[in-house]
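Whenever a hint applies, use it, and build me the whole structure from the sequences.
Chains as they are written, first to last, in my numbering: chain Y, 12 to 298; chain X, 12 to 298; chain B, 12 to 298; chain Z, 12 to 298; chain G, 12 to 298; chain A, 12 to 298.
Derived by calculation from the structure, the hints in this document are not laboratory data. Please read these numbers as outputs of a predicted model, since none were measured by experiment.
Remember, identical chains collapse to one label, so a pair may be satisfied in a single copy or spanning two.
Computed list of lysine to aspartate or glutamate pairs in EDC-like fashion (alpha-carbon distance at most 16 Å, straight line):
{"no.": "1", "residue 1": "51", "residue 2": "19"}
{"no.": "2", "residue 1": "144", "residue 2": "100"}
{"no.": "3", "residue 1": "144", "residue 2": "164"}
{"no.": "4", "residue 1": "51", "residue 2": "220"}
{"no.": "5", "residue 1": "144", "residue 2": "191"}
{"no.": "6", "residue 1": "90", "residue 2": "101"}
{"no.": "7", "residue 1": "128", "residue 2": "169"}
{"no.": "8", "residue 1": "128", "residue 2": "52"}
{"no.": "9", "residue 1": "144", "residue 2": "156"}
{"no.": "10", "residue 1": "238", "residue 2": "265"}
{"no.": "11", "residue 1": "90", "residue 2": "156"}
{"no.": "12", "residue 1": "270", "residue 2": "30"}
6 protein chains.
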Amino acid sequence: MSEIRRAEVLLEALPYIREFRGKTVVIKYGGAAMERADLKEPFALDVILLRLVGMKPVIVHGGGPQIGSLMKRLGKEPKFVGGMRVTDEETVEIVEMVLVGKINKEIVGLINHHGGKAVGLSGKDAGLLRARKRKHRLPTGEEVDLGLVGEVELVNVEPIRLLEDNGFIPVIAPVGVGSEGETYNINADLVAGEVAAALGAEKLIHLTDVQGILDSAGKLVSTLSRKEAERLVTAGVIEGGMLPKVESALRALEGGTAKAHIIDGRVPHAILLELFTREGVGTEIVL
Amino acid sequence: MSEIRRAEVLLEALPYIREFRGKTVVIKYGGAAMERADLKEPFALDVILLRLVGMKPVIVHGGGPQIGSLMKRLGKEPKFVGGMRVTDEETVEIVEMVLVGKINKEIVGLINHHGGKAVGLSGKDAGLLRARKRKHRLPTGEEVDLGLVGEVELVNVEPIRLLEDNGFIPVIAPVGVGSEGETYNINADLVAGEVAAALGAEKLIHLTDVQGILDSAGKLVSTLSRKEAERLVTAGVIEGGMLPKVESALRALEGGTAKAHIIDGRVPHAILLELFTREGVGTEIVL
Amino acid sequence: MSEIRRAEVLLEALPYIREFRGKTVVIKYGGAAMERADLKEPFALDVILLRLVGMKPVIVHGGGPQIGSLMKRLGKEPKFVGGMRVTDEETVEIVEMVLVGKINKEIVGLINHHGGKAVGLSGKDAGLLRARKRKHRLPTGEEVDLGLVGEVELVNVEPIRLLEDNGFIPVIAPVGVGSEGETYNINADLVAGEVAAALGAEKLIHLTDVQGILDSAGKLVSTLSRKEAERLVTAGVIEGGMLPKVESALRALEGGTAKAHIIDGRVPHAILLELFTREGVGTEIVL
Amino acid sequence: MSEIRRAEVLLEALPYIREFRGKTVVIKYGGAAMERADLKEPFALDVILLRLVGMKPVIVHGGGPQIGSLMKRLGKEPKFVGGMRVTDEETVEIVEMVLVGKINKEIVGLINHHGGKAVGLSGKDAGLLRARKRKHRLPTGEEVDLGLVGEVELVNVEPIRLLEDNGFIPVIAPVGVGSEGETYNINADLVAGEVAAALGAEKLIHLTDVQGILDSAGKLVSTLSRKEAERLVTAGVIEGGMLPKVESALRALEGGTAKAHIIDGRVPHAILLELFTREGVGTEIVL
Amino acid sequence: MSEIRRAEVLLEALPYIREFRGKTVVIKYGGAAMERADLKEPFALDVILLRLVGMKPVIVHGGGPQIGSLMKRLGKEPKFVGGMRVTDEETVEIVEMVLVGKINKEIVGLINHHGGKAVGLSGKDAGLLRARKRKHRLPTGEEVDLGLVGEVELVNVEPIRLLEDNGFIPVIAPVGVGSEGETYNINADLVAGEVAAALGAEKLIHLTDVQGILDSAGKLVSTLSRKEAERLVTAGVIEGGMLPKVESALRALEGGTAKAHIIDGRVPHAILLELFTREGVGTEIVL
Amino acid sequence: MSEIRRAEVLLEALPYIREFRGKTVVIKYGGAAMERADLKEPFALDVILLRLVGMKPVIVHGGGPQIGSLMKRLGKEPKFVGGMRVTDEETVEIVEMVLVGKINKEIVGLINHHGGKAVGLSGKDAGLLRARKRKHRLPTGEEVDLGLVGEVELVNVEPIRLLEDNGFIPVIAPVGVGSEGETYNINADLVAGEVAAALGAEKLIHLTDVQGILDSAGKLVSTLSRKEAERLVTAGVIEGGMLPKVESALRALEGGTAKAHIIDGRVPHAILLELFTREGVGTEIVL
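What follows is the structure, given as structure tokens:
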């Protein structure tokens with residue numbers, strides 16, 4: 012590619028840099044983008060570039076195979092109620108150690124190694140994620156006790172604001188703290204939505220392992236309204252792991268986030284592609 | 012005690028509050044004070060009071076029995092070279108999970124539960140503790156490779172300052188990051204000394220499980236000079252776990268810390284007693 | 012008392028320090044607390060401690076036997092109309108000299124001597140207390156001219172805010188200035204109420220020479236509503252010097268002060284006892 | 012005078028306004044300018060104009076006939092040692108009441124009544140004038156005890172700076188406070204010199220009841236060097252009340268004040284004439 | 012004139028200085044005041060004095076004989092449609108060069124030469140004057156195309172505020188920029204009115220070559236209401252070059268400017284006379 | 012080009028963005044880059060991108076064919092002395108009109124039209140370029156009077172700093188003002204060097220119509236030392252219009268500018284290529 016073409020590519024980013032300057036972008040990091048070795052560096056560079064051109068990226072990450080692997084090594088037998096995994100105290104302790112003491116630190120280290128200034132936060136830090144027990148109801152209507160699975164009650168944005176206003180990149184582990192100090196494991200997708208809502212973020216971006224949301228014909232939906240989303244949920248087209256992502260997106264939008272996206276994290280630089288090209292990638296959710 | 016006597020006690024703290032207002036106090040937290048259930052709340056309250064009357068406490072914590080316990084459960088066999096434990100990659104990973112994902116979070120949760128605003132930091136956050144491999148020499152003069160045991164190369168005080176200047180209490184886990192992004196386990200006592208030096212802290216306080224430093228006659232030394240300290244080390248009177256504490260204290264003093272103390276963490280409210288009474292408790296180290 | 016018990020006493024103050032941090036507390040200083048030698052230092056220390064733990068005390072003081080003593084020495088004959096003392100120009104001049112040039116300076120000197128940073132203010136400074144002639148009506152309904160006895164028309168909080176926001180303790184003498192520059196002697200209790208109202212103070216505390224407000228049976232009333240206060244006034248149970256204190260308290264509450272207290276200034280450290288203990292002392296007035 | 016001529020007069024002040032903008036001017040106020048009814052308003056207006064065009068006037072005032080008059084009324088017999096008045100405790104108390112509670116308040120009221128924002132300060136406020144006993148030696152070489160006559164040990168400029176940086180005009184009474192809290196009467200001329208030195212004022216202006224400094228032939232000296240001043244003192248040409256004024260001027264210049272003037276306060280608007288005309292009035296002292 | 016009288020003249024300005032301190036005064040500069048050599052320096056000094064005593068003058072200037080002279084030299088033939096001059100592209104280019112590159116620079120140089128800090132601004136700088144084509148209708152009702160004659164669509168006050176808040180005097184040339192980047196020549200009187208409205212200026216002052224607005228009897232009107240103005244326009248008493256001045260004044264008043272004046276710029280120091288005397292000069296327009 | 016490749020191009024700019032963030036870059040704009048229609052937009056976009064990613068570009072522009080063209084139209088005959096053009100008063104007036112009123116405004120309009128916030132400055136604005144007559148010596152040693160050709164005596168960086176610190180892009184016309192207010196035409200290359208020196212700019216970039224500096228063999232020199240530059244000047248290899256550019260570069264470097272470049276402005280996006288690629292383009296001058 013000629014040097015001049017390179018300059019033009021830079022300049023094509025200009026309107027997007029101008030648009031997002033000073034704005035907060037919450038990124039839910041997980042799946043292949045977090046686990047595949049070849050996708051880690053592109054992710055780190057993307058986040059650092061956002062920061063350098065004046066945006067304020069905030070990362071929320073999920074767990075991964077490492078939780079299950081440590082549980083297995085510790086001989087921890089999974090318990091299920093009505094098909095749902097029960098999180099007892101020992102489990103939540105393992106989850107916290109892996110999320111906060113391993114995955115979060117790997118992400119922080121990755122970004123810093125490439126020149127960013129990331130700081131990890133657990134939901135316990137400064138009471139960032141105040142949580143309560145999540146009530147779970149089976150399809151039969153029966154309520155089941157899943158143990159220490161929580162939902163976000165309140166996001167204390169103070170430490171996030173302090174970090175992002177001073178040039179740092181906050182990296183948040185989805186662990187919450189209850190009113191009695193107890194630890195809750197919370198779905199990372201939902202945490203990302205709550206954080207985006209609390210910050211009034213400009214954008215919420217979910218990195219997933221699929222192209223985006225597909226309709227019943229298996230075709231990528233580029234824009235999805237709340238109504239349509241509800242229809243696809245009822246029809247069972249949106250299901251499984253995509254459900255909390257859609258719930259998270261809608262929650263963020265209701266809380267004042269301008270745009271929510273579900274994109275394909277398997278594509279290198281998916282974040283830049285979403286932010287710096289006209290068409291974007293994946294599915295955009297709108298109210 | 013009469014109400015008036017209570018007021019007088021408050022007022023007796025006045026000169027100390029005035030003296031330490033706006034000053035940073037680094038506290039190495041560990042031993043009984045961290046492990047005994049009845050000493051946790053007094054510690055948390057002490058730290059919160061310091062903050063409320065205008066001081067800036069910074070906590071550095073060590074590990075504890077939890078590291079060994081998790082290693083045992085994972086069937087991890089300890090390796091020794093020349094009597095020293097070797098820290099391989101798997102070990103450092105376990106250490107990091109326990110320090111950052113468990114102990115740090117317990118301390119943060121404890122302080123916040125009593126009304127403080129603690130934020131946990133690993134040495135990886137914003138490159139807080141840049142580390143390198145620690146060279147270890149046996150008494151025979153032979154150098155041994157202990158693996159991923161590190162020493163502090165550089166403390167990046169930026170995130171600590173940001174937090175302490177905005178009303179937060181930083182709680183630091185003694186994990187360092189090398190120039191290639193590798194993880195190092197670092198002695199928490201030495202981390203505390205380096206952090207106090209880098210911050211130009213007013214005080215460094217080590218909470219230990221002994222009364223302070225004892226002389227060869229077993230009597231508590233209330234003030235210890237560098238020279239005397241070196242004599243007691245050579246004489247083998249100061250030994251074992253007390254060695255890094257003395258090294259840490261001297262390092263802090265050389266770096267500009269005004270006073271360094273080794274005190275008895277088994278006494279409830281040892282921190283307040285040290286800061287708010289004329290005699291102080293334990294041993295003060297001076298240059 | 013053991014050292015540990017002392018630390019506990021400090022910690023018992025923690026919730027109150029947290030609650031009142033950054034809040035303004037107006038203290039009406041007078042009576043025994045101002046005149047008895049053994050009560051002066053406790054008062055000064057109390058005020059300095061409030062300041063050091065982050066509160067903003069503002070002192071309003073009254074006169075005392077010194078005014079009468081100077082008048083007598085100057086051979087000034089008191090004049091009365093309908094049983095009320097008439098304040099002519101010569102009298103108001105003496106009152107101003109004693110209040111501003113003697114009593115105010117003694118209080119300022121007392122606080123500074125113990126390490127505070129007090130600055131005296133007369134109601135003339137920066138037009139702090141704009142006053143007008145107080146209309147006085149005898150029980151017979153007849154209006155009498157008491158001369159230069161004033162009432163507060165407007166409080167200019169600007170110099171108070173400037174001082175309290177910069178670490179100083181304002182000490183206010185109850186002298187007002189009229190629209191033509193004339194000097195008014197104003198009841199110090201009422202000045203304290205107006206100042207508390209204008210500042211939107213958190214608390215107004217009157218130091219008196221009685222236990223608090225007593226009911227018709229002579230029993231201390233711990234909480235007194237406006238309605239009940241009016242009933243006790245009508246019944247003549249609240250009378251004499253207590254009347255302006257109750258009027259002042261109600262005025263402060265109407266102006267946005269959160270709580271008003273009438274306490275026993277003869278008890279050493281009465282201010283700390285009121286602020287730092289659960290039960291408080293004396294009578295709390297509520298709207 | 013035509014309107015256009017009026018505009019020209021305004022413009023002739025332009026270079027002086029530009030030169031003194033943001034600069035501190037210490038004015039020693041006393042004598043006729045303070046006592047004659049017709050000179051009070053011109054003084055107040057001059058000071059207010061300085062403030063409005065961006066200068067920072069600081070007033071130091073002396074006493075006056077009022078002190079003697081009150082002493083007489085109180086039947087206070089003057090005591091002399093070697094021809095010098097002795098100030099006992101009762102005397103210093105009267106002095107303080109008159110200076111702080113009467114004269115200071117009159118000046119503050121005068122300036123505020125014409126639209127300025129004056130705040131009175133005693134040397135006790137915030138420890139503004141830390142004083143010690145002045146040693147006095149008779150011409151015979153014998154040292155005499157004059158009681159509570161002080162000299163300035165230290166000027167705490169903090170409250171002056173706070174006031175002048177926030178649009179207020181500080182008015183300082185020459186009363187000092189000793190290390191034991193004792194009150195000292197200090198010569199107002201010398202206080203003005205110390206305050207000018209401590210503030211690094213641009214100018215010190217003494218308002219006197221003479222034209223300026225006269226030489227042995229009785230002719231006004233427009234510029235006086237330190238050397239020449241010393242010669243005139245030795246020769247007895249400068250004597251009496253002019254001595255402390257010259258001492259004060261030299262002290263200010265040594266302390267960094269740019270210019271010191273001794274001018275004729277009997278001329279209305281003497282301050283404006285000095286500041287806003289090329290020739291100035293009276294005598295300028297130079298190092 | 013005696014020196015004391017001079018001081019009194021200064022003091023007579025005091026209430027006006029106080030009133031206008033920190034306020035923005037927009038001055039439309041043109042006519043004799045801009046063209047006559049003997050009036051240039053008085054204008055510059057007036058503006059500098061305003062700035063020094065704390066006001067914020069903003070200058071808007073018009074063109075002058077220099078535009079016509081350059082056009083003639085360039086052999087540019089004037090075109091007229093229905094008696095109105097048509098501004099083609101070549102003409103607007105000449106206008107811009109003379110206004111921005113000559114007249115504006117002369118004014119800036121004049122003020123700076125006398126010690127002010129003027130900065131010239133064209134309506135193109137930072138998009139200060141966003142303009143659109145002015146629709147012109149002949150008395151017959153027919154609309155004519157006058158070419159690049161514009162009217163103000165939007166004033167971007169950002170650069171003006173930045174300059175005036177930092178001690179500079181903005182000098183604005185009445186050239187606007189269209190949405191396609193095209194240049195418009197705009198009537199300077201109207202620009203002054205729009206700028207005053209956008210800034211919420213305290214005053215708008217038009218310097219003209221007449222005494223003010225005259226009524227049908229040729230007598231100066233000292234205050235003119237909107238209603239009366241409309242009547243005089245309809246009656247043809249206000250006509251020609253006075254029309255845009257009255258329009259400008261009314262526009263400013265509607266936009267929040269407190270007072271608008273049309274004064275005689277042929278009088279030296281007309282600005283000071285208007286601002287610093289009770290009666291003012293010329294005509295004041297009111298809503 | 013694939014979308015992913017586009018993202019990679021963006022990321023390749025990351026180290027340069029990081030390096031130059033917050034730094035001032037002075038760009039001498041002229042020649043083809045300023046005159047060729049197809050190069051104007053790329054220039055504007057480059058400058059805006061620099062600003063958006065956190066750099067502070069400052070533009071200094073030269074004249075162009077427009078000056079000669081206006082002179083010709085005005086029938087102005089060029090005068091020469093010893094082969095050098097003489098600038099009389101009429102000429103400098105034309106030069107100022109074209110530079111300030113035409114070229115400067117075109118550049119400002121161009122940048123603003125593409126979304127930047129440019130503000131034009133003449134050397135007269137706030138006394139930005141204080142100039143004096145340039146002494147010119149012919150090769151024969153004879154000194155000739157070239158009239159109003161100036162050289163920079165002092166750069167007042169205050170208005171540049173104010174603008175660049177508030178998000179604006181200053182665009183400077185090379186017109187200076189003498190101590191008597193007279194106008195000077197100054198070589199734009201030299202102005203750029205002085206401005207870069209005064210600002211302590213990170214970089215000075217000259218856009219020229221050649222590849223860079225060529226050696227005697229006609230080969231591009233990529234790095235040129237001062238010594239080598241002097242040799243090439245003496246040898247006549249560097250000559251004509253390149254002489255002031257080299258002089259300007261050396262002046263900037265001496266004044267503290269880190270790097271100076273002479274690059275090929277005929278290449279689109281030459282600025283971005285210089286700043287955002289490893290090799291850079293053209294010639295770098297070093298001390």
